[in-house]
Structures are given as structure tokens and as C-alpha cells.
Amino acid sequence: MNGEIQPMMMVVVALIVFGIGLFGLLIRKNLLIMLMCIELMLNSVNLCFVAFSKMHQSVLGDLTVLFVMTVAAAESAVGLGLVIAMFRTLKSVDTDQIQILRD
Amino acid sequence: MNLSYLILLPLFGFLINGVLYLRSTRNSKKVSAELSGGIATVAMLLSFAAALYNFFLLRQLPAEGQLFDQMLFPWFKLAGMSVDFTLRLDPLSSVFCLVITGVGSLIHLYSIGYMHHDAAPAKYFAYLNLFCFMMLNLVLGATMPHVFFGWEGVGLASYLLIGYWYHDPEKVGAGMKAFVMNRIGDIGFLVAMFIAYKFVGSLDFIQIANTPLNPEMTTTLGLLVFFACTGKSAQIPLFTWLPDAMAGPTPVSALIHAATMVTSGIYLLARMHTTIEASATTLSVIAAVGACTAFISAVIACAQTDIKKILAYSTVSQLGFMFVACGVGFTIAGVFHVMTHAFFKALMFLGAGSVIHALHEEQDVFKMGGLRKKLPITFWTFVAGWAAILGLPPFSGFFSKDEILIQSLQSPHGSMPLFLVMMAAAFLTAFYMTRLLVLVFLSPSRMGQGVEKSVHESPLVMTLPLMVLGVASVVGGWFGLPIHEAHVEEAAGSSGRFIMLASVALALVAAFIAYKKYGKTTKVEQVNDIAREGFKIDAFYLSFFGNGTKNVARWMGNLIEQQVIQRMIRWTVAIVDLSGNLLKVAQVGSSQAYLMMMFLAIFAVLAWFLFGVGQYAKF
Amino acid sequence: MLNFENTMTLANESLNVFMVVPLALCILSFLIPKGLQRAYAIAGAIFFFALSCYEVSQGLGGQTLPWLSQFGIQLGFRLDSVSKWFVVLTGLVTFIAVYLKGNWYRKSPRIFVASSFFMAFALNAAFLSTNLITFYIAYEAVFVPIIFMVGIWGTQTKAASVFKFFLMSFLGSIMMLVSMFYLIYLYQSQTGQYSAQIFDLVQVSKSIAPERLCLAFFGFFLAFAIKVPLVPFHGWVRDAYVNAPMPATIYMSGILSKLGVFGFIRFVLPIFWDQAIQYHGILVTVAAISVLYAALLAIQSKNPRELLSYSSISHLGFVMLGIFSLTSGGVGAAVLLSVAHTLASVVLFMLLHFMSERKEDLTLDRFHGLAPRFPMLFVAFFIAVLASVSLPGTVNFVGEFLVLSFSYPVSALCTVLSSIGVILGTVYMFKFYQYLGFGSPNPKTGAESVAKDIGVFEISILIFMLGLIIYLGFQPAVILRGFSS
Amino acid sequence: MSLPILPWLVLSIGLLATILISVVRVGTKRPAQIFALLTLLATFFYSVTTVPSGVENVFNGAFEVSALTQVGLALFSLIGCIFVLGTSRYLTKEGIHISDYYHLMLLMILGAAVMIGSKDLISIFIALEVMSLPAYTLAGFRRHDARSNEAGIKYFVMGGAIGAVFLLGAAFIFGATGSVSIDKIFEWSKVAQGDFTLFYIGHLLVLIAFLFKVAAVPFHFWKPDVYEGSPIAVTGMMATVISAASFIVISRLIGIVDFGRIEWGAYAAQLKQVVRVIVVMSLVVGSAVLLTQSNLKRMLAYSSISHTGYLLLGILSSISHPQEIFSVWMYLFGYCLMTSGLFVLLSQSEPKADMGVELIDLTGLMKRSPYTTCLWIVFLFSMAGIPFTVGFFSKYFVFLSSVSAGETAFVVIAAVCAVVSAYAYIRPVALMVMRDADPSASNWKGSPVSTVVATVSALAVIYFGVLPGTIVQFLKGVPIGH
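Residue numbers (the working numbering), protein chains in the order written: chain R, 2 to 104; chain L, 343 to 961; chain Z, 146 to 630; chain X, 36 to 517.
Every clue listed holds true.
Taking lysine to aspartate or glutamate and the EDC-like style, the derived pairs with C-alpha atoms no more than 16 Å apart in a straight line are:
no.	chain 1	residue 1	chain 2	residue 2
1	Z	LYS576	L	GLU512
2	X	LYS219	X	ASP293
3	R	LYS92	X	ASP180
4	L	LYS926	R	ASP104
5	Z	LYS252	X	ASP471
These are computed hints drawn from the structure, not numbers from a lab. As the structure is a computational prediction, the values presented were derived from the model and not from experiment.
Can you build the whole structure from these sequences, using the hints too?
Given below as C-alpha cells:
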């Protein structure tokens, strides 16, 4: 009422962002964009943590965000490495190229 | 009194001959018929001596207690069922023992000559001794399982001897048929034993006789026992094996399929006569079956051309007479007829054997004729047998057969229709027997040139038994049975005397007709095919039961086993395989498809969950 | 109630001999050179058989060794009047199995000998265990050597038959295992402790409402019905018996089937007495169907081994009829008939092996006329056939007669129907014998023409086995004594 | 001096030392291998010699040192040793025998070791990523093989997404309870009132993340593909270390709530339903699809899916009967033992270029190398659960526990599936024993060391199959955290 954003609203926004990330992950064929979508999902969760941190008046959530960001960075590094390796072999970063393993 | 020698001697004979035979197969030296036959015959003669000795010892016992039990060893004992291996000698079994060992010894002796040229006489004599051992067990056993032991044992020996020349599949088949039909009858014996165990609690004959049962069970028990007897004694419906059993050596036919084994049905009925006679239904069934068998097989016998087949059907017919005696409640008369029949039928078979031997295995009566001069001893002894079976006084058959005829009318269970059928059967008997005699011995010769020249009378070992049996056929009926005397006077009533005269007259008429018809025969006679083939009963059994079983089995094998059970197994495997392949479909290889499915699953879980917990959370 | 367990005195404490000796022989066999394997195996098997007989003659007994006692898995062993016969038979069958010559002594003989002794070990462990889990383990362990035997030395379509055998048996036994868990759980929920000892579980089953044990009963029933086998659980039998090498067939028909019989006696009847009474009608019907159905299949079969395999099913149907009579007499008779069936079928398979060594083609659609060429062999064969059709004078008759006598009072119809199996048995066994033995000998070719009759050692084995059949036929008290109380 | 985290420290220091030595001695791989081996041995030694009797919380309750975690670490380091020794020849052959392999492997083990001790959702997440990131890398370690790339990327994409799911769940739990510490959440659950919906969702999401790691159906799609594409040594580590660690965490996450309380009854019932469905699906898919596979690694993937089913059955019974969790530990122990042995044997194959090891390559192995065949048979029998192998007792206790927990119907389903999968395990045995070698079958040649390692594993499989008493007794006595 006083103009301050309600924590639950933040959570809803975070969920929407999560959904966007998920949607992107599911429909985009480019691996780099998929990587970014995963980052988006992780960041939406960060938003969540912040919101709940605010709700509970606790710093735990804020702290967690820091950890998550670190991990996300490491993850994208690994992911990029894998994508590069793939590009070297297949000359492509399209997920349609990687359907050899099946059944 | 020691009965063990009685049965052990043939057993030893069997073992010695068996070992001799097996040894001969290793060193390929034939054991001569004289040696093996000598051993076997001596064993049988000694056994006969023991039987005779025991018979006289038994006679010395008081009339009420003429019974002797000898327990050899306990057989089996389990949870209330206890059976011992016990030999029991009483007047009934002693008569049978005498017949078996007496006629048996003669036939053993005869076989030495008959089997002289056989490849392995030791085997033959081993089987023959085995048969006698089993037969003695059958008549001496004090309990049903013990009798069953002998019962199956004689069936086995019969199988082995019918299929003795086993390189001929037809003979093998005949043996198999005999054994299987006997076993069909054995089901009756087995179930009778189960019933006896259930309702009497013991399988000892005395216990069974002394324990009153309710009427249904008495009837059932009696009928089951009778069913067993129809198998062993070749009565309707299980009589078709006996004519085929003639595939065996002729002495075997004489011993097993005329004198002894086939009469074990009568023995069993006599042994269990208390139970049998306690039920009028059982009695009438037995009498009806016996009369039908007697008549039908007599008709069939009239149409046969094989000398042994004629005798075989005659045996079936005579057994029918005996069963009628049992069926009208005069088992004793049946047993008496067993004894006389043993003499004259064994005699005729041996005579037939002598003829066949002389004619080099020729069995068709229309290819014989005029043998009276060539085989004088055989002829005259055969005539004695013929007179006996016709029931001409004073031959033995007259006493036993006429008593049966009289009883079939006069006994409380007898009746006029029964009597008339029996008279008809007696008439036919006289007819076909005369036909046989005439065709073989009296009519002009129809033998081939080569055969006719080489015909000669058999050696002494073969004619001696013929002569002994010929004498027995004449005098065998004069003394009656030791257990029998009480009934003789009854037979001498005025109507009885009339029946005697009538039957003798009838026999003579039949003999005359046969003589007129066949006395001048010079060529093969055209006979009714239906009758010759035994009214196709055998063919019917073969196609209905034999092929029926085969077809059911094949149907089971193809349809149930292959199409249902094995297919069920295959289908189970196929279903598992198919479901594996179906479940594999989801594994499309695209990571985004995987992600899609995973997240759908997550949403599904969450949705279901929230809904579900909401349901629970209400409380 | 059937309880053989409590009335016995425990004298014999050295039961582990029954397991240790075959296991030692199994391990030792890897050290023996290939050429000596057969001699080693025969000597070892004779030693083992003699030792088994000696130990059994020392009296009944029981022994419990700790293993996983905290979970209720002890090594509990007990030699009672049921198991002692099966233990002796194990020794005997092992001897016959390793005695037979064949390609198993040419191609990796070590594995064959080791498998045989391992089989003896597992069988004895199963026959002696009083602990359900120990029993189950031994019961499963029996698969292993069979799989090896069929797998390595079997014929043509061996793989399919191994799978069929293994999967069906495994399905049954794992259902039994689940049922065992249920029983253990019931015991545990009542007393707070784990126990898989049969005595404890019998107590539990008595204190539980019968309907709660129905499914567990069917678990056990399925396992043993597949093992015995009872129709319609017999799908594996024909292929396994036909495609296995002869020693494996002898094991399967001679003693593996008895494992199922034994399981019914040892476990099903004491624990599931109420259920057995409840489903009595079904049980006897199944047994009677087994007798008739298998006999009919035997009649139509052209392959001697197939015929014998169906005849085995048929005879085991009689055994099961005895057990399902649910009387102590019936059970005693069933044990006697089991012994009888083992002796007869082992001899028959052994003779069939001797014959197929001498002549390749033994198809039962024409007469082969072998009897005059191998008289000794066919005399033995004939006696074995007589035993198989349970002619009086053989132990098979006494067994079958007693089984039927005891089952008649409780189920007359099924008993009478089963008796028809006796006729059918005569038909197919005699057909079997006649086609092989009778008729005119065919012209001989090649190696066949030099084939000789069986030798002295074979004859003495046969005399021993057939002598046993006949001796026990007149003195079945040797076995029945334990059941008279 | 008492330093509860000593084994973990040893492992971390060893990891650093291994990295350092590679930096110092660039270009040779031998030192890294030796250091990795020494590190693992030392870790194993310290973890088995210092098993505590109780539960010690360190780092402010964020980390737990107990018999369970200690034995878990010992097991992981043992598996590490097995793979370091057993697969070096394979790695050389594949051209991936480089120092980095050992660093990543040690890092993965460290991540797993930390994860099983973590009692904080955040440290669980970090440990999870420490374990997963090397795994993604290792999966794509055969850089020039498209299949390996594919495996790495698939694993990474799905793993990354599921990591976000875990984190979202953790956030929801944090939102519902105001804490990320498991102990504190447990305390909360004892007294909490009101609407738990947020917690339910969070709890389910974190559980699902780990169900993904253990490849429970329907979160199993990555497994067959990744298994097939990854190098055998890596697949082996994944199958054992990651699965085992994930199951320990699953049991911890299940115990996060005090199910004894009446308020949680509905939730427990519902959770059980979910797990039941997943159990049945895992068992059915695992064993039915197992039958249709011809690639050995794929087979092992489906086999591990079916093993997941059995393990979840144990977890299921532990929801209401916490003391039955020991059956899961026992199963994991046996599973790790036989799976690592099997992968070592698998690494002995010499596959044709660019092709996986097919079932057909096993034909006639009995003739070619009887000894290896015996080892194969031991492991396959153990997989099938034949007595006298540890696999039997693994199934034994899970089934017994589940029957005790009243899940008899599911035990019956599991038993039927066990028969189906037994068929699949016996089939290779049949190929090896019954058939003559197929001309196209590939060669099998293991280094003596790998054969020795496999032999030792096989002996252990048999030893614990005959005498499981000690280990079961020990696992039963392991104190249960929550």
C-alpha cells in the first residue's frame, strides 16, 4: 500500500522469468541461447531468494545469491567449453545436430 | 506244510534260465532246448509234487479249517495300511495250484520238443517259469496286493511270450494289445483295492469277506473286481486281445491263454464270492456278460479259419460259461469247469501245436485235412478233447458244463433266457469244434504237395503230454472237486436229468450238421466277413479308443501344448519385449524433447500433488 | 497335523559333511589335469555317495551354525526321515551323472566336474536346510551349474531352453522369496526378532488368520509347482530335458524335480496347512491333470527324451497327489514314490544315453530292432520300463499304490482319473521300448556296426540300481519305517 | 587431536597437490595418476580409521561427520582407486590419459563427498555443482568424438536446468521456513502450523532434482544417452559415485520433515504415492527396455535405472519406517561394488573405431579368455541377484524392509521386474558361454592391473555375498540423521 513491492509479487515475477528461461530452453535450438536461458533460470531463482530474504528479514537469502552467481559463472564456463568442443567436431552449435545417441 | 517251495522252484527255474540266456548272449553259444527245458520242467515237476503234497496235507485238516497261511515277509506298512507277503492255501487255491503246476509241467515238457529249433530256448523257458511263478503267486496270495502282484506278473509274462518272436511287429502289437487291455481291467482291480482299504481297512480277503459293507459299496466293489476279471479273462468288453494273443508259441497259448491265466478271473471271483454274491446286481451283470460272451464268441468261432483262432474264441466262449456259473451264484461250478477246461483245452491247443509243427507253421484249417492217418496220436487225443468240450458223457466236460447249464436255469439267480442263450452257445460250440475236427483230420487233404510229404507225428516229448492230458480229459470230471461234492446231488434232479439229455442231444445234432457240411470239403469256404472279423469289435476299439487316444494326444500336443502353453510363454516374452520397445520410443535423442517431458512430469507431479494434499489437508 | 520335526531325537551333529565334501571336491577338481577328470569325478562321487550313506546310517540329526543370525538367517540343517532319502539320492545321482561319458569330458571337463559337485553341494544344502532363506539360496544356486551344463554341452536350441528354464524357475522362486519375507515380517511383528527358521514360522502361521497367508501360499506353490513341475507350469520341461546334455537331464529329472517335492513336504504343508486344506480341491485336480496331460503328451511324442520328460511329469503328478492327500500316509508314500521315480528315471536316461552312444537315430516312428544286438542293455531297459509303468515287484508300484490308496479316501474322482494314467503310462513306455528294441534290425552302417553291448562296469551299476528298485519293491519298509509313527 | 573433517581435508589437499604436480611436470601424466591414487588411498585410509560413533556437526551445523558420511567417502575413494588402477590402459588407448582427467575425477569425488555430508541446502547445491561440473566435462572428454560431445552437452543442458529446479525448490523451502539449514527446517517442521503448500512445492522440487541425478523415471532420459557417449571410465564413476551420493542426499532430504507429526501425515501419504509411481515406472522401464538393448553401456544405463527403482523402494519404506534405511545403504554398497567391477571389465574391450561395445562382442568370450568370462559372470549374476553374490543380499534387505513397511504389492512388482532383468543379465552370459566367437566380435585385452582390480572386486562381491554379516550389521548401526 505504501508503494513498497510485496515479496510475493517479486516471487511471481521471478517465476515468470523462470518460465521464460524454461520456455527458451525448450524451444531454442542454438546452444548458446540455451546456455543463456539456463542463466536466466538461475537468476530468476536469485530473485526469489532475495524476495524471501526480504520476507523473512534474513540475510541468508542474499548470501545465497552470491553463491549461486559464482556457481552460475562456473557453470557457464564449463558449458561454453563443451559448446566449443562440439563446434570443433560438428561445426555447429545447433541441438538438432546432437541426436546421434538415442533409443 | 511249507508253501514257499511251491513258488520258489519256478522262480529258481526262471533265474537259472535267465542267467543261462544272458550268458549265451555274451559268448554267443546257444543253450540247448534240452538243458534249459529240462531245468524248467524239473522245476515245475517238483513244484507239482509240492502242490500235491500240500494238497493232501490240506485234505487231512478238518473240513472247517482247511486253510493255511504262511507269512513270508512283511511287505509294506504305512499309516494304518499293512500288507504282508502271505501265501494262503485253501481248497480253492490248492485246486488251482494243481492245475497250474500239473498242466504247466506237461506243457513245459511239450515245449522242449516244440521249441527245439528256436534260437534262444533258455529265454523261452525263463519266461515260462516266470509265468508259473507269477500265476502261483496269484492263486496263493492272501491279500489283494499280493494277488495283484501275480495278476500283473502273469500279464507281463503273457506279454513277453505273445511277443516272443519280436522281430515281427504284428506279434509285438498283439502282445502290447494284450498287456494294455489287461491293464485297463487292472484299473478296476486297483480301485477295488482303494475301496476295500477305505471301507474295510484291510486288504486281506478274509477280512474283506467278513466285513459287511453298505449295499452300494458292495455292488461297486463287486463290479470293479468283475471289470478287472473281464480284462484278464477276456470277457466283453475286453475280450478282443485273446485271439490276437495266439501270435505266441502254441504251448504258450495252451498254458496261458487256455488253461491258467485266463481263468484267473474266475479264481478272483471265487476268492471274493462273498462280496460278489452279496449283490444281486453284480451277479446279474456277471451272468449277462458271461452269457453274451459265450454266445458271441461261439458265433465268431464258427467263422474262423485259423486253427488257433478257433480255439481262442472257443476259450473265450468257455470262459463265458464259467462266468455264468459265477453269475448265478455257483462259483464252484465255474471252478470245476476251469479244471476240466484246463485239461481239454490245453490238450486241444497242444494238439493244434502238434499239427502246426508237423505242417511247418501252417495254421489255416482249409489248408489241412486228412491228418487222421498221418498224426494218429494227435488225432485220438484231440478227439478226447473234442468229446470233452462237447460235453459227451463220460468225458470231463460233460460234468462241468452240464452243471453250469442246469444252474443257469435252476439257481435262484438263473432264468430261462439265460439258459436258452447258454444252450445256443453249447450248440454252436459243438458245431465249430466238430467243424475243426473234421476239417483238420477227417476231410480230404488240401495240403500242398511239399508239405504233405514231410508231415510226420511229433516226438515223444510232445505226444506224451498229449496222452496224459487226453486221459485227464476223459477222467477229469469223474471225481468232482474236493470243494464240490455238495452240489453234485442237486444237479441230479429230474429236470436236471432232462437238461443233461437235451444238451447232449443238441451237441450231437450240431456235430452231425458240421460233419455233413464239412466232411467233404475240398476248397476254401466263403464265410461271413463280419463274423470272421469278430463283428468288427476289435476294429471299432482300435479306431475309437486306440486312434481316439492317439488323436486326443496329438491334439493336446499340437493345440494345448504348442498353441496354448508354449505360446503363452512366447507371448509373455513378446509382451515384455514389445513393452520395452514401446517404452524406448520416448528416448528420441533430442535433449529438448527430454527436457519437455521432464518438465511436464514435474508439473504433473506438482499439480497432482497440490490437488491430492489439498484433499488430505481438509481434515 | 503333519509334523515330522518334533518327534525326532537329535543325534547326528556332523551334517556339514554333506555340504563340505562336495564343495571340496568341486574346488579340488580345478587342480586335476583334464585327462584324469573322469576318474577323479567317479572316485569322488563314489566316495561322496558312500559317505552320504554312512552319515545317513548314523542316525537323524540337526545342526545350527550361526551365519547372519541377527537377521534370522542361520545355517540350520536337519536330517530327518524325509530329507535323508533325498540326500542319499543326491549322492547316487551325482555318481551316475559324472559316470556317463560324453562330450562334457572332451570339452572343458573341469567345468563339468566342478558343476556336478557344486550341484551336489547346493542340493544337499537345500535338502537339509531348516531355514527358509538358506533353503532359498541353495535352491537358486542349483541354477548355476545347470545353466553351465546346458549352456556349454547342450544341443541345438539350447539357449532358448536355458532361458525358459531359468526364467520360469526364477519367477517362481522369487515369488517364494517374497512370500518368505512376508512370513519373516509376520514373525518379526509378533516377536520383534527376525527368524526364518521353519519351526518359528510354523508357529507364526498358526497364530495368523488363514486368509492373510493365501498369497504367500501361492508364492510357495508357484515356485515348487514350476520346479516339480505340475501342469500347467511345465512349459520349460520338454526343451530343457531334450536339449540338455544327459548328465544335466539326469540331474533335472532325478533330483531337481524332487527339490520341488521336498519343498512341498518340508515347507508348504507345515506352514500353509490351513491353506492347503482350503485349496485342497484345486491341488488334487492339478495333480491329476498333470498325470493325464503329461501321459497323453508322452504318447504322441516321437523323441525318446521328450517322451521320458513327459513321463517324468506324469509320475511326479502321482507324487504330488500323495502329498496333496494331506495325510501322513500320503506324504510317506510320496517320498517312497519320489525315490522310486528317481531310480527308474535315472536308469532310463542312463540307458538312453548308452543307446544314443551306439546309435544316432532313435526316433520313435519305426522299429529299430536293437534288442538282439544289445541284449544286456535291453534286459536292463525292460526292467526299468517295468519299474516306470509301476509293475508290482518294483518299488514304483508300492509307491504309486500307496499314494493312490491314501488319496482315494480324500478325493476319489481325481484318484480314479489318475489311475487312467497307469494305462497311458503302459502305452507310451511299451511303445518306447518296442520301437527301440523290437522289429528286425536295420542294416548297420559305419561306426554303428562295431558297437558292442554294455560292459561289465555298466552292468554292475545297472544291477545295483535295478536291484535296488526290486529290493525296495519288496522291502519298502526301509523307507516307510520313518513314516509309520 | 580430533579433526572430524580430516578425510575431506586429505582429499582436498591431495586434489590441490595433484593439480600442482601437473603444473610442475607438464606433459607427463604419470605423476598425476600416482598422486591421484595416493590421495584416494590416503583418503580411504583416514576415512576408515576414523569412523566416528556418533554424529558430529561442523561448520555451524552445515556439515555432518558421521559413520555414514565417512563410509560414503571411503566407498567413493575406493571406487576412485578401482577406476584409476583399472582403466589406465583404456584411457591411454582413448587418448584421454591426461592429468586433467585425474583433477576432474578427484574434484567430482570431492563434490560427492562434500554433498553427502552437507546439511544445508546451499552447501548441498554447491557440492552438487562441484560434483556435476567435472562430470559434464568428463562426459565430453573425448573431445574429437561427436558422441562424447553430445553426451557432455546433453548432460550439461539437462543438469543445468535441473540445477535451477533444485535451486527454485530451495528458494521455496527458504521462503516457507525462513531457513536453509536442514536441522533448522526439521525443528520448524515440529512446530509449524498453517499452510505448507510452498514447502511442499519446494520439497518436491529439490527431491525431483536428485531423482534426476539418480535417473528415476520419468527423469531418466539423459542417462542412456550420456552413458553411451561418455568414456567408459567416466560412465563408471557416474554410475557409482554420483548415484550413491545422490541417494544419500535423497534420504537426507526425505528426513527433512518430522513425519511423525500428524500434520505431516497427509503429505507423507501423498509423497509415498508419488514415490510408488516412480518406483514402478523405474522398475518397468529399467528392466523392459534393458531387454531391448544391444549396446553394453546403454544396457548398463537401463540396468542402473532399474536399480534406482529398487533403491527407491527402500527409500519408500524408509519414509514411514526410518530404521529400514539401512537396506538402501546395503543396496548402494553392493551396487557400487558390482558396477565398478563391471565397468572395469567393460573398459578392457577394444571397440572398433567410433563404435560402442555391443553385446555381440561378448560372443564366445569363454573360449577366448575363460578367466575374464568368470569375472563377467560373477558381476552379471550379482546384478541379477543370484545368491552367493552381494547383489542377492542387496535385493534381499530392500525387499525384506519393504515387506515390513507394508509395500508387499510393490515388492511383487519389483520381483517380477527382477526376473525380466535377470533375463537381460543372463543373455550376455549365454553369449559368452554358449556361442562360438563371432568373427566381427571385438577383442578383449585388459592390462594385468585392471584384471587384478576386477578380480579383487569380484572376490569382494562373492565375499559379501557369502558373509554380509559385518557390513550389514555396521550399516544397521549407522546413526540416522534426518
